[in-house]
Amino acid sequence: MKLLSMTEIQPWWLRLVVLLVLSIPAFSGYPFDQVVLGLNEAFHINKDDAGLVVLAIPRLMYMALLWLVIFSSTGASKFQSYAMGATLLGLTTVIIGASVRKLLPFLSGGATEEEISLRMVMLFLNIITLIPFSLLAVNSFSVKNLLTKLTRLEGKYVELGFHLALALRVVQHAGEVVFSLHEIWREQHPSKFLPRHKPDWGSNWYSKINVLAWICHVALSWVHATMMYTFEPIPLMVSEIERISDSRE
Amino acid sequence: MSVNVERFVSFEKQNEGFTELTELDLLPTTAGRLRFYRELGEWATNYHQEGSSLKTAFISPNPSQGFCFPTPFDVLSSALMLHQNPENISSLVMEYLSKSGLTESKAHQPITTLSGGEILQLNFAKASASLPSIDQLVACSPLYWLNDSKYVYWENLVSEYQEHEKSIEVLLLTGERYPYEGLTLPAKNNYTAAIDDLDWELCIESTTIEFPETKFPSYCPKFEISFEGNPNTLTLSSPTLITGDNGVGKSIFAKLMAGILRPTSGAIQVTSKNGKTPARMLFQHSTMQLFGMSIEAHSKSIFQFDKGKQKEFRRLYKEIDGDIRNLLSKIGFDYLDALGPADSTSTLLQANIALVAERIIGKPSLLILDEPTWGLARIVSECFVTVTCKYAHKNGLAVAIITHQSDWWDTLAKSEISLAKSEDSKVVITPSEESQ
Numbered sequence: 001m002k003l004l005s006m007t008e009i010q011p012w013w014l015r016l017v018v019l020l021v022l023s024i025p026a027f028s029g030y031p032f033d034q035v036v037l038g039l040n041e042a043f044h045i046n047k048d049d050a051g052l053v054v055l056a057i058p059r060l061m062y063m064a065l066l067w068l069v070i071f072s073s074t075g076a077s078k079f080q081s082y083a084m085g086a087t088l089l090g091l092t093t094v095i096i097g098a099s100v101r102k103l104l105p106f107l108s109g110g111a112t113e114e115e116i117s118l119r120m121v122m123l124f125l126n127i128i129t130l131i132p133f134s135l136l137a138v139n140s141f142s143v144k145n146l147l148t149k150l151t152r153l154e155g156k157y158v159e160l161g162f163h164l165a166l167a168l169r170v171v172q173h174a175g176e177v178v179f180s181l182h183e184i185w186r187e188q189h190p191s192k193f194l195p196r197h198k199p200d201w202g203s204n205w206y207s208k209i210n211v212l213a214w215i216c217h218v219a220l221s222w223v224h225a226t227m228m229y230t231f232e233p234i235p236l237m238v239s240e241i242e243r244i245s246d247s248r249e
Numbered sequence: 001m002s003v004n005v006e007r008f009v010s011f012e013k014q015n016e017g018f019t020e021l022t023e024l025d026l027l028p029t030t031a032g033r034l035r036f037y038r039e040l041g042e043w044a045t046n047y048h049q050e051g052s053s054l055k056t057a058f059i060s061p062n063p064s065q066g067f068c069f070p071t072p073f074d075v076l077s078s079a080l081m082l083h084q085n086p087e088n089i090s091s092l093v094m095e096y097l098s099k100s101g102l103t104e105s106k107a108h109q110p111i112t113t114l115s116g117g118e119i120l121q122l123n124f125a126k127a128s129a130s131l132p133s134i135d136q137l138v139a140c141s142p143l144y145w146l147n148d149s150k151y152v153y154w155e156n157l158v159s160e161y162q163e164h165e166k167s168i169e170v171l172l173l174t175g176e177r178y179p180y181e182g183l184t185l186p187a188k189n190n191y192t193a194a195i196d197d198l199d200w201e202l203c204i205e206s207t208t209i210e211f212p213e214t215k216f217p218s219y220c221p222k223f224e225i226s227f228e229g230n231p232n233t234l235t236l237s238s239p240t241l242i243t244g245d246n247g248v249g250k251s252i253f254a255k256l257m258a259g260i261l262r263p264t265s266g267a268i269q270v271t272s273k274n275g276k277t278p279a280r281m282l283f284q285h286s287t288m289q290l291f292g293m294s295i296e297a298h299s300k301s302i303f304q305f306d307k308g309k310q311k312e313f314r315r316l317y318k319e320i321d322g323d324i325r326n327l328l329s330k331i332g333f334d335y336l337d338a339l340g341p342a343d344s345t346s347t348l349l350q351a352n353i354a355l356v357a358e359r360i361i362g363k364p365s366l367l368i369l370d371e372p373t374w375g376l377a378r379i380v381s382e383c384f385v386t387v388t389c390k391y392a393h394k395n396g397l398a399v400a401i402i403t404h405q406s407d408w409w410d411t412l413a414k415s416e417i418s419l420a421k422s423e424d425s426k427v428v429i430t431p432s433e434e435s436q
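In the order they appear, the protein sequences are chains A and B. With this note's numbering, the residue at position 212 of the first sequence is 212, and numbering never jumps. With this note's numbering, the residue at position 232 of the second sequence is 232, and numbering never jumps.
Any given hint could turn out to be false.
With the Cβ distance kept under 10 Å, some of the chain A side facing chain B (calculated, not the full set) [as the list claims (entries may be wrong)]:
1. Thr-87
2. Ser-117
3. Met-120
4. Met-237
In silico lysine-lysine, BS3-like type, Cα no more than 30 Å apart, as pairs [to be verified]:
5. A:Lys-198 <-> A:Lys-208
6. B:Lys-309 <-> A:Lys-198
7. B:Lys-421 <-> A:Lys-192
8. A:Lys-149 <-> B:Lys-394
9. A:Lys-208 <-> B:Lys-307
10. B:Lys-273 <-> A:Lys-192
11. B:Lys-311 <-> A:Lys-149
12. B:Lys-150 <-> B:Lys-330
13. B:Lys-150 <-> B:Lys-13
14. B:Lys-421 <-> A:Lys-198
15. B:Lys-426 <-> A:Lys-198
16. B:Lys-309 <-> A:Lys-208
17. B:Lys-99 <-> B:Lys-363
18. B:Lys-426 <-> B:Lys-394
19. B:Lys-311 <-> B:Lys-330
20. B:Lys-150 <-> A:Lys-192
21. B:Lys-307 <-> B:Lys-318
22. A:Lys-192 <-> B:Lys-307
23. B:Lys-215 <-> B:Lys-318
24. B:Lys-300 <-> B:Lys-311
25. A:Lys-149 <-> B:Lys-106
26. B:Lys-421 <-> B:Lys-307
27. B:Lys-273 <-> B:Lys-99
28. B:Lys-311 <-> A:Lys-198
If you anchor each label on the Cβ, the simulated ranges turn out as follows [claimed, not checked]:
29. B:Ser-105 <-> A:Val-158: 32 to 42 Å
30. B:His-108 <-> A:Cys-216: 39 to 49 Å
31. A:Gly-110 <-> B:Lys-311: 43 to 53 Å
In short, the hints are calculated from the structure, not lab data. The beta-carbon is built from N, C-alpha and C at its ideal position, and this holds for glycine as well.
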């Protein structure tokens, strides 16, 4: 059975509508609460006793739906890399989030351990659902086709369209940059998660604290490197888009 | 119209020359984050204050940077769109691709999967497709990534521009090959006396690597490359040249030796005085290996948990830098300031020295330099590679150089292996006769 690919939905505005509709639950929370209520009623569970499983069911269903959409559009290979990247980011975020809240309890505003755990699980589900979906959404539109259409239009919003096209292309370019950086990272740190040179980690009983410095370094390095190499070709991209824009006159 | 050729002593000077002619800013990535963000901000502030008077097609110093779109099809169709009827675009794109020596199968592949030579050929196709809508072509090192057999595509592009009376500015690095200039190449230097002998072993079991099909956001069919050693274990003398046609798989082979890519079946193993460890690499566009940091910050971050090696690194960096400067002074190279000041590091050469020093200190079995001459004047790159080999051998590392300019290394290289596609599409790796 051939599943429908997002890029095959035409015209482009219908694709945009489909993507927006699919993202409604993430932004509004609808119908997660309604599903939980329905489950509570069906299984005669008191609202206050609704456990983690019941609360997670609607989000898992939403994740399954979006993952199916993503898989049918991207194919197995790309889906695997999207899902792996999102899982890695999700795990890092919630593990750090939970550790910080354990070490500095005042940050959690009086929430109990159960509430914090629940919040972290929901956060993890949101990350692994929405990051792959955002990547799908951003890459579902061809900047070239958008520019072709814009050159045939007139009016005050056309200029804005060119700016949006550039912004979309820059975001798409970030994905290509991450791929190149990943190869460089693997060459530098073959174990991926640990530094290549780390003998100082075993020198004292307290030197394990270096792990935190390492995590901060990794996060900052990736954020800055991705931003820099994504922005690096912007002057050349702008000149090209400007030439296309000028061709209208 | 004539072709004006200008030569520059360093990558940084070539970038300045490019910006002067095209009015396009190239943002620096080797000087650290702050400088990068500051220059990005300055570009955004000053942008549009001075209107460009010339419409220019260009091949930038880093040729992969000139594309606004992710696939060759999009790049060429957007260039053609400026002066062609949109209905004919698809067939025209294929025509321009084949005119520049690229197959139709490349049309929808992501540009990031193309080899250095193919990216240059795509630049030629784009320059040709934009011809009616531009005034001049500015091309930086337009032959650098090509094998001799592909020079014809550049010659065709030049003829086309000359027929339409458009000007061409070619920006080259000192000593870079450009056979149309009528200049004789500099005499070969022999700096190899100080390099110790070092043998290494390359063992290739029938090795295959498979790249799965990707269909999003652009289409790339599933493909596999098989490497066969002829014979299976090669004993080579370092430094070793790795040569082969554009797109044959030299960089993939290097990444397999370095353990960056894992083979689907078989294995490639490298053994030298330092034992059986994966190779380390200096990539084609090595500046990205700084990961957005300044040279100083990158070195600090790499050795932040190994203070012993950090000291060793500083000493080795100074020794390599000093040796290169001494060698260049002896030869009579007058532009030492173009290498960057010894006390503050920010040039491409200094980035390469730092990356190489860090790799030597780690003592892997092999150091692979993938096109180490990129962005360097010939004489500077010869000194850089020679000094690198000297220190690598001292520390038990063999050196392999991937190159299209094999004649540059005649006096330095002790062995050579060439990669070529056989009739059954396998890549056969054969040592040259002198190496056997």
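Outcome of the hint check:
1. Thr-87: violated, 19 Å
2. Ser-117: Status violated, d = 32 Å.
3. Met-120: violated, 29 Å
4. Met-237: For A:Met-237, the interface hint holds, since the closest Cβ of chain B sits about 5 Å away, which is under 10 Å.
5. A:Lys-198 <-> A:Lys-208: Holds. A:Lys-198 to A:Lys-208 sits at ~11 Å (cutoff 30 Å).
6. B:Lys-309 <-> A:Lys-198: holds, 10 Å
7. B:Lys-421 <-> A:Lys-192: Between B:Lys-421 and A:Lys-192 the Cα gap is close to 33 Å, so the pair fails against 30 Å, i.e. violated.
8. A:Lys-149 <-> B:Lys-394: violated, 61 Å
9. A:Lys-208 <-> B:Lys-307: Between A:Lys-208 and B:Lys-307 the Cα gap is close to 16 Å, so the pair holds against 30 Å.
10. B:Lys-273 <-> A:Lys-192: holds, 26 Å
11. B:Lys-311 <-> A:Lys-149: violated, 58 Å
12. B:Lys-150 <-> B:Lys-330: With Cα atoms ~36 Å apart, B:Lys-150 and B:Lys-330 exceed 30 Å; violated.
13. B:Lys-150 <-> B:Lys-13: holds, 27 Å
14. B:Lys-421 <-> A:Lys-198: violated, 42 Å
15. B:Lys-426 <-> A:Lys-198: violated, 40 Å
16. B:Lys-309 <-> A:Lys-208: holds, 19 Å
17. B:Lys-99 <-> B:Lys-363: violated, 46 Å
18. B:Lys-426 <-> B:Lys-394: Cα-Cα ~36 Å, so violated.
19. B:Lys-311 <-> B:Lys-330: Roughly 29 Å separates the two Cα atoms, so the pair holds.
20. B:Lys-150 <-> A:Lys-192: violated, 38 Å
21. B:Lys-307 <-> B:Lys-318: holds, 17 Å
22. A:Lys-192 <-> B:Lys-307: Holds, at about 21 Å.
23. B:Lys-215 <-> B:Lys-318: Between B:Lys-215 and B:Lys-318 the Cα gap is close to 48 Å, so the pair fails against 30 Å, i.e. violated.
24. B:Lys-300 <-> B:Lys-311: OK: B:Lys-300 and B:Lys-311 at ~10 Å, within 30 Å.
25. A:Lys-149 <-> B:Lys-106: holds, 25 Å
26. B:Lys-421 <-> B:Lys-307: violated, 46 Å
27. B:Lys-273 <-> B:Lys-99: violated, 48 Å
28. B:Lys-311 <-> A:Lys-198: This hinted pair holds, its Cα atoms lying about 14 Å apart.
29. B:Ser-105 <-> A:Val-158: 32 to 42 Å: Holds, since B:Ser-105 and A:Val-158 (Cβ atoms, about 35 Å apart) stay within the stated range.
30. B:His-108 <-> A:Cys-216: 39 to 49 Å: holds, 40 Å
31. A:Gly-110 <-> B:Lys-311: 43 to 53 Å: holds, 50 Å
When each numbered hint is compared with the structure, violations occur for hints 1, 2, 3, 7, 8, 11, 12, 14, 15, 17, 18, 20, 23, 26, 27.
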